[in-house]
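Chemist: Next come the chains, spelled out residue by residue.
Number of protein chains: 2
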Amino acid sequence: MYEDRIRRPALMNKLTSAADAALLFKDGMTVGMSGFTRAGDAKALPMALVERARQAPLHLTLLTGASLGNDSDGLMANAGVVARRMPFQADAALRRKINTGEVMFIDQHLSETAEQLRSGDLKAVDIAVIEAVAITADGSIIPTMSVGNTANFVQQAKQVIVEINLSAPLALEGFHDIYVPGERPHREAIPLLTPWQRIGATAIRVQPERIAAIVITDSPDSPSNALPPDEETDAIARHVIRFLDAEVKAGRMDPTLRPLQAGIGTIANAVLHGLIDSPFRDMTMYSEVLQDSAIELLDSGQLKMASASSITLSAAMHEKFIANIEQYRERVVLRPQEISNHPEIVRRLGIIALNTALEFDIYGNVNSTHVGGTHMMNGIGGSGDFARNGQLSIFVSKSVAKDGAISSVVPFAAHVDHTEHDVDVLVTEWGLADLRGLAPRERAPLIIEHCAHPDYRPQLRAYFEEAKLGGGQTPHVLEQALSWHARYKREGSMLVK
Amino acid sequence: MYEDRIRRPALMNKLTSAADAALLFKDGMTVGMSGFTRAGDAKALPMALVERARQAPLHLTLLTGASLGNDSDGLMANAGVVARRMPFQADAALRRKINTGEVMFIDQHLSETAEQLRSGDLKAVDIAVIEAVAITADGSIIPTMSVGNTANFVQQAKQVIVEINLSAPLALEGFHDIYVPGERPHREAIPLLTPWQRIGATAIRVQPERIAAIVITDSPDSPSNALPPDEETDAIARHVIRFLDAEVKAGRMDPTLRPLQAGIGTIANAVLHGLIDSPFRDMTMYSEVLQDSAIELLDSGQLKMASASSITLSAAMHEKFIANIEQYRERVVLRPQEISNHPEIVRRLGIIALNTALEFDIYGNVNSTHVGGTHMMNGIGGSGDFARNGQLSIFVSKSVAKDGAISSVVPFAAHVDHTEHDVDVLVTEWGLADLRGLAPRERAPLIIEHCAHPDYRPQLRAYFEEAKLGGGQTPHVLEQALSWHARYKREGSMLVK
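Respectively, the protein sequence lines represent chains A and B.
The first sequence begins at 1 in the numbering used here and counts up one residue at a time.
The second sequence begins at 1001 in the numbering used here and counts up one residue at a time.
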């Protein structure tokens, strides 16, 4: 059995249970696991490691592509298995451990982890745990619904554990394009000139003798937890579409736009969903993750093709995707995240980057990660890779949170992930601020009047007016700059009564 | 006369005075001028525009490579000629106008201005004013001591004014390598694989009919205003060299290191100067500006070659450079700033980026631009291009300023130009903090104990301890986060008495 999944007969004797594979792990090891935005994560080993930690001390440094599904991150964190974690996560239980300081979280640009492993800036991966559709006759590993950092982990790990997931259809073979940049100082240009180009192999090469164990699983990825569009996300989508339409009419791009990137989550997904009612045709995506909206746009024909590092769908959309998988194979490419997010490619293609802000200030500095300036939400993800190096950097947010108690537009961002240098356009349900070519003093009125919730505009105007009395390129009243966040903590609302 | 400088006879009739050339300018125009870190700036037109503004209203948007010399920026600002300015400046008088809000300053990554002009995100350049060594027989322009955005301005401007500077030796021909990326969406990979490679032309092509005026000048660039090394910059240099030496010993790079970038100014120049006493050999530079230290390292033989967008030297070093110019031509390449700072190349080569911080916080967020969080100093320059995309990002600063009244290490950066994601190493005269692979809570003790001035360490420790009580990935006491800056304003010192 499994001949179609393990096509190199000599590897059959590596078949083992997850519990036995877990015995390979030792306290203090660095482990690289597949998985990117809940897609393509290992299903069995995380649970087996939780079990193993009950018998012996097991504190690992865990690297992944991005977030894992199946509550793996939370279960491993609660069991004490995860001592250090990078480069991204999105799990409530792990988040608690991070914010109490029990787990050290290193929040990284998603294009950079592989580079830092390669250059030795990070400790080398001891064991890679990789979900696969199959192992080919030459021992190469065919990934499932994401690529992430998997190729890099496999390249570096002393031992590779492969989880063959029977629920991942064999028809996924051919979706992946595995290209890994060479070592410095003799690195070539990456030969990718269009989003649809394939430049690598369809599977991850590995010397078969490094495959230490093969475990069979049969459970699907966790479905996407993006919420459906609502009135506010619809409004945001309309503003973005009107803006892009004006760019086309001004002759700055043709109606195919530039390749689109959209961050993970509800708002970006909703904006992309809104593109179904747009005048744009033959669009392409060059993104890190494809959500339901990308499949909808592929189906509507408005999206010609889509490149990403993972596919994260709702249960219903996943079913549809699998049922029609043959028709997507020619139009979807899954790449390593250092290629999907690579500065070289992002700049060359001139990506339109669409990412979600937690909050932004009146000058256009964006906080993507820290609630209240201190507590980690998920991580910066790829937003910085795209916002810095793309052609257009758009950040979207609802204007308020917590029933209006929190304004997303504040005098001073309590944490900065994207500086004013990297933010071209800000959008909320109230409107859009086009910041290109503007100085901070010109940005503030636009952001206040176009993006802030009307309830907060008087407070923001008053702050800006008072700040200007002190002068400066970026006027502030430093004594009050963070007072909104302090007021929320103290009184439960940023609004001055 | 000038046959060697204007080699296309038909252009001789374009010779005119600066005053007459200034008549081409109209109120509200966008002007692109050569000039990068005081090198290769137009000498006559800025003064002629100041004169012209006395007769007619003249408010311009002025783009350059980076800072101008000869007090041009200040004189034009004081005359009201500069209404908008980008992407960088370093002039005391202009800075005052920026900080009062009289001049709108758009502070940009130096690699991005050309890209924004090309994509139409910025208003097109009406007139380019370019300093040149000569105009070739086919009408191409040979730049002088910098390239900056000159090729882009020339490509876009309706009219080009060329200033032929007789004090710039003809022997500068051959130093420049002019390559301009193509239009999207059909852009090729940039074929530059090593710092020394030449991929373009030695002069800037222009249709001769767009050359509207040629003005003869004969005055040199302003000399560099970098201060000589001192005890503290020597200490910083020693820490950096010890760190790089450890990288070599750990096998992460060979003794040629990676191509070096060093920001403009005293500290970076001093650190590079310190490399003369280092064990590294056959080094290369891939930087935006070459200062005295680069020439010293070329002369000592430790630097094999250097690539940049400008050469900014002290008067003595300039004289030496010109006297021996033939021996430098094979070892020095001057490129457009979008190539010297290009994310594609910076990532491919794995640049070691060495830039100066005004201040940084205990978690590694860096302020490069805003004094007291509000008042513009010079601009972010290329630091973001290199810090984000290079292999190693090092920021250096003296631990205190104003005789100890200001600590460069603060609880919370009052302005953020470089986020913790982009800062690998921090250095002051007291020591070095290697932040790679560390979470914010791990970074703080290193930064406090290795980098802060001992007088400020107790205050920083107390802040960090109190902040941790509130929890979070990046603990803060928001009510006190900016209190150090407020205290300095109120009491003249950040130190608690």
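Simulated from the structure, these hints should not be mistaken for lab results.
For glycine and all other residues, C-beta sits at the position ideal for the given N, C-alpha and C.
A couple of the hints might just be wrong.
[Claimed, not checked] Taking lysine to aspartate or glutamate and the EDC-like style, the derived pairs with C-alpha atoms no more than 20 Å apart in a straight line are: (1) K1249(B) - D1218(B); (2) K489(A) - D434(A); (3) K1489(B) - E247(A); (4) K402(A) - D230(A); (5) K1249(B) - E183(A); (6) K1123(B) - D434(A); (7) K1014(B) - D1218(B); (8) K489(A) - D1004(B); (9) K1320(B) - D1218(B); (10) K1468(B) - E102(A); (11) K1468(B) - E1449(B); (12) K1320(B) - D1299(B); (13) K468(A) - E1102(B); (14) K1123(B) - D1138(B); (15) K123(A) - D1121(B); (16) K123(A) - D1434(B); (17) K1304(B) - E1326(B); (18) K123(A) - E1442(B); (19) K1123(B) - E1183(B); (20) K1158(B) - E1183(B); (21) K1123(B) - D254(A); (22) K489(A) - E1479(B); (23) K123(A) - D1245(B); (24) K1249(B) - E1102(B); (25) K1014(B) - E1003(B); (26) K1123(B) - E102(A); (27) K123(A) - D1254(B); (28) K1249(B) - D121(A); (29) K249(A) - D282(A); (30) K1123(B) - E247(A); (31) K249(A) - E1183(B); (32) K249(A) - E1326(B); (33) K468(A) - E479(A); (34) K1489(B) - E479(A); (35) K1123(B) - D245(A).
[Stated by the list, open to error] What follows is a list of derived Cβ distance ranges for each label pair: (36) V248(A) - E1188(B): 22 to 28 Å; (37) E1188(B) - K304(A): 19 to 25 Å; (38) A1462(B) - K489(A): 18 to 24 Å; (39) G471(A) - D1020(B): 37 to 43 Å; (40) I1276(B) - A19(A): 57 to 63 Å.
Chemist: Does the structure keep K249(A) and E1183(B) at a Cα separation of 20 Å or less?
Modeler: Given pair K249(A), E1183(B) holds - Cα atoms ~18 Å apart, limit 20 Å.
Chemist: Measure nothing beyond the straight line between the CA atoms of K123(A) and E1442(B); if it is 20 Å or shorter, mark the hint as holding.
Modeler: Within the cut-off at roughly 16 Å; holds.
Chemist: Within 20 Å, alpha carbon to alpha carbon, are K1123(B) and D1138(B)?
Modeler: 29 Å, violated
Chemist: For the pair we were handed, K123(A) and D1254(B), check the Cα-Cα distance against 20 Å.
Modeler: 19 Å, holds
Chemist: What's the verdict on K1123(B) and E102(A), does the C-alpha distance respect the 20 Å limit or exceed it?
Modeler: 51 Å, violated
Chemist: Are the Cα positions of K249(A) and D282(A) separated by 20 Å at most?
Modeler: 17 Å, holds
Chemist: Tell me if the straight-line CA distance from K1158(B) to E1183(B) falls inside 20 Å.
Modeler: With a Cα-Cα distance of about 19 Å, the restraint between K1158(B) and E1183(B) holds, given a limit of 20 Å.
Chemist: Keeping to a limit of 20 Å between CA atoms, is the pair of K123(A) and D1434(B) held or broken?
Modeler: 14 Å, holds
Chemist: Between K1123(B) and E1183(B), is the straight-line Cα distance small enough, at 20 Å or below?
Modeler: The hint holds at about 17 Å.
Chemist: Take a quick look at whether K1014(B) and D1218(B) sit within 20 Å of each other, Cα to Cα.
Modeler: 18 Å, holds
Chemist: K1320(B) and D1218(B) were given as a pair; does the straight-line alpha-carbon distance stay at or below 20 Å?
Modeler: 19 Å, holds
Chemist: Is the hinted pair K1014(B) and E1003(B) satisfied, with a Cα-Cα distance of at most 20 Å?
Modeler: Holds, at roughly 13 Å.
Consistency with the previously given hints fails for numbers 1, 2, 3, 8, 14, 15, 24, 26, 32, ordered from lowest to highest.
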